[in-house]
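Whole structure, please, built from the sequences with the hints as guidance.
If you read the sequences in order, they're chains A and B.
If you number the first sequence the way numbering that gives the first Met the number 0 does, the last residue is 290 and the count never jumps.
If you number the second sequence the way numbering that gives the first Met the number 0 does, the last residue is 354 and the count never jumps.
Some hints could be false.
Claimed, not checked - Derived list of chain A stretches under chain B, where covered just means 3 residues or more per stretch with a C-beta under 8 Å from a C-beta of chain B:
1. 110-117
2. 193-204
3. 207-213
Simulated from the structure, these hints should not be mistaken for laboratory data.
The C-beta atom is built at its ideal place from N, Cα and C for all residues, glycine as well.
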Amino acid sequence: MQWLSASKANMYTRMYKGLISLPPMFWVAVFLLLPYALMFAHSFWTVRDGVILHEWSTQNYAKLFQNPLYLDVLFRTMRIAGGVTLLSLLLGYPLAYYMSFHAGVRKEILYQLVIVPLWISYLVRGYAWKTILGSDGVLNGFLQHLHLTKEPVSFFLYSPFAVVLMLTHIYTPFVFLPLYASLEHIPRNLVEASHDLGAGSRATFLRVILPLSLPGLLAGATFAFLLSLGDFLAPLLVGGPSSIMIANIVQSLFGTAYDWPLGAAISVCILLLTISLLFLTERLEKRWAFR
Amino acid sequence: MPAISSPSNSGTAGVLLEVREVAKRFGAVEVLKRVSLEIAAGEFLTLLGESGSGKTTLLRLIAGFEQPTSGEIWMDGERLDTLPPYKRRVNTVFQSYALFPHLSVRDNVSYGLEVSGTAKTEIPARVADALRMVKMEEFAAQRPARLSGGQQQRVALARALVNRPKLLLLDEPLSALDANLRKQMQSELKSLQRELGITFLFVTHDQDEAMALSDRIALLKGGALEQVASPREIYAHPATSYTARFIGQTNLLRTEVKNGTARWGSLQWATPHADGNAIFSLRPAAIHWHTGETVPWGAARFRAGIRQQIFSGDSEHLEIDFEGHVLRVRLHTPGLLSGEQEFWFSPLDAVAVRE
Chain A
0 MQWLSASKAN
10 MYTRMYKGLI
20 SLPPMFWVAV
30 FLLLPYALMF
40 AHSFWTVRDG
50 VILHEWSTQN
60 YAKLFQNPLY
70 LDVLFRTMRI
80 AGGVTLLSLL
90 LGYPLAYYMS
100 FHAGVRKEIL
110 YQLVIVPLWI
120 SYLVRGYAWK
130 TILGSDGVLN
140 GFLQHLHLTK
150 EPVSFFLYSP
160 FAVVLMLTHI
170 YTPFVFLPLY
180 ASLEHIPRNL
190 VEASHDLGAG
200 SRATFLRVIL
210 PLSLPGLLAG
220 ATFAFLLSLG
230 DFLAPLLVGG
240 PSSIMIANIV
250 QSLFGTAYDW
260 PLGAAISVCI
270 LLLTISLLFL
280 TERLEKRWAF
290 R
Chain B
0 MPAISSPSNS
10 GTAGVLLEVR
20 EVAKRFGAVE
30 VLKRVSLEIA
40 AGEFLTLLGE
50 SGSGKTTLLR
60 LIAGFEQPTS
70 GEIWMDGERL
80 DTLPPYKRRV
90 NTVFQSYALF
100 PHLSVRDNVS
110 YGLEVSGTAK
120 TEIPARVADA
130 LRMVKMEEFA
140 AQRPARLSGG
150 QQQRVALARA
160 LVNRPKLLLL
170 DEPLSALDAN
180 LRKQMQSELK
190 SLQRELGITF
200 LFVTHDQDEA
210 MALSDRIALL
220 KGGALEQVAS
230 PREIYAHPAT
240 SYTARFIGQT
250 NLLRTEVKNG
260 TARWGSLQWA
270 TPHADGNAIF
280 SLRPAAIHWH
290 TGETVPWGAA
300 RFRAGIRQQI
310 FSGDSEHLEI
320 DFEGHVLRVR
330 LHTPGLLSGE
340 QEFWFSPLDA
350 VAVRE
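Now the structure itself:
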């Protein structure tokens, strides 16, 4: 009879598991799957005379790939996101490395200093960059004061450069955090073992610390790239027309242009790009997690 | 077993490592108090002590992971404590092995050779030799995470020995292994050391391990050396009451000596000790149960009550009560004792120790 009671207990745990997973399932279904399904459906519909017609066609996707505007903007977006990723890694890695290995008692305070900007509104930080980079901004004022430039330098603001600068400022903590965590996880006796075996600081960094921090580096790079990829506020605030990004196009298609189907088609493309990138990085991260 | 050729021990079995009055403090805490120690080439020396005795700190000073507050360390006529760890011909086997998780067993072992610029053509053979020596050649391609504790231990040993260090430091390397594996690794370590002729400095808190492995034991207490001697010497002639208690079990008899006679309660025996207070260490096995045999001349004979008897297979452990003092006794004679019994010990077995 024991198998019977065992299966009964099994049934209860199954019911229990089913019950407690209902709320999250509901959440995912209503707020994630349904919107995605709607977006996916929209991307195959058409709009005529300001009315969305539920006629199925792939013309939105055709439009996307035929009109060079969209692809140009997409490539520019990826270039900007790539630049942000690279710059925030160049800033974030040395910072994380220094803090993890050499900061000593200053660790805590430095950590807080890195985190603090995350509490400040994105918009406030955007406007701050505007006042720094503008024609009569802090930077130009400073340069003129030093007589390095005569006229205000105009390309500081309203350029892809400004967008990259602002996004780097905003996403460097996102790169820093996973990097710092992965560096903190490296057992210090591995560093000692490396020195013990005759490796100096450089060899130890290249052969032990860097490889073991790759999962964090990858996670940070993924954050910076994907978050920049979907950004639309930085181009609005400091970018100007020359640095329109793909999310600005989606925004205008859903807004003033009222072409939801085309906007949905672009969104689907970006979603696919994002998912495949996440899939790829997760595979890599698994391979580089050596435990 | 293939042997890694041992480094030439400079001439005769002279002094390899010399620790000169080395002190170390961490903030207000004095972890080592002017310790001086010499290690002979080819010797197996064990730093023994409780946690907090400074044994690991001394090891880390020799490895170069810490800097002494004062004092010097010399190896083979070369000042060691001013060199960074990667320039010392010393290798360490870490307590938790510290194998590189992202490298295969083979790459872990070749690490030291690669970073020190050993000829590329020479590396594979030396790595293979080292792995064969610790019987791990079939695991060469595996990652450390897939190995058991004992196997990781062997790899850690091979990774250190492949560099042919003059001195190998071992920081409680066996403490994470279970009892059986530990015994096995002890004997393998010992035979490896004999075969390679490399000087071993071994750190442990386990006195049995220290006794089994060492040529000499350096017992540390509170950052100072309590006694440095061979296992037999330190067991037979402990210098202090602490040593006597730490190395094996003992009974400490606090006596008063007058005119060559030690008095302990109503007991007395002859001793060459000077007049005054004296502490004698008397091993449990040195107390005998009197079964009517003739006892040696001068032996101390006494009656004591049996308080407790524990059977441990090859011997009986007794606690007996003599005039309010509890004595530990180890007997090989089987059988349950009860009530009052007669015991004796030879004064020669009562070793005078310092406080």
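Cross-check of the supplied hints:
Remark: the region 110-117 of chain A is not confirmed as covered by chain B, as 0 of its residues place a Cβ nearer than 8 Å to a Cβ of that chain, below the required three. Evaluation of the coverage hint for the region 193-204 of chain A: fulfilled, as 8 residues show C-beta separations to chain B shorter than 8 Å, against a requirement of three. With 3 residues carrying a beta carbon less than 8 Å from a beta carbon of chain B, the region 207-213 of chain A meets the three-residue requirement, and the given coverage holds.
The structure fails to meet hint 1 from the earlier list, while all remaining hints are met.
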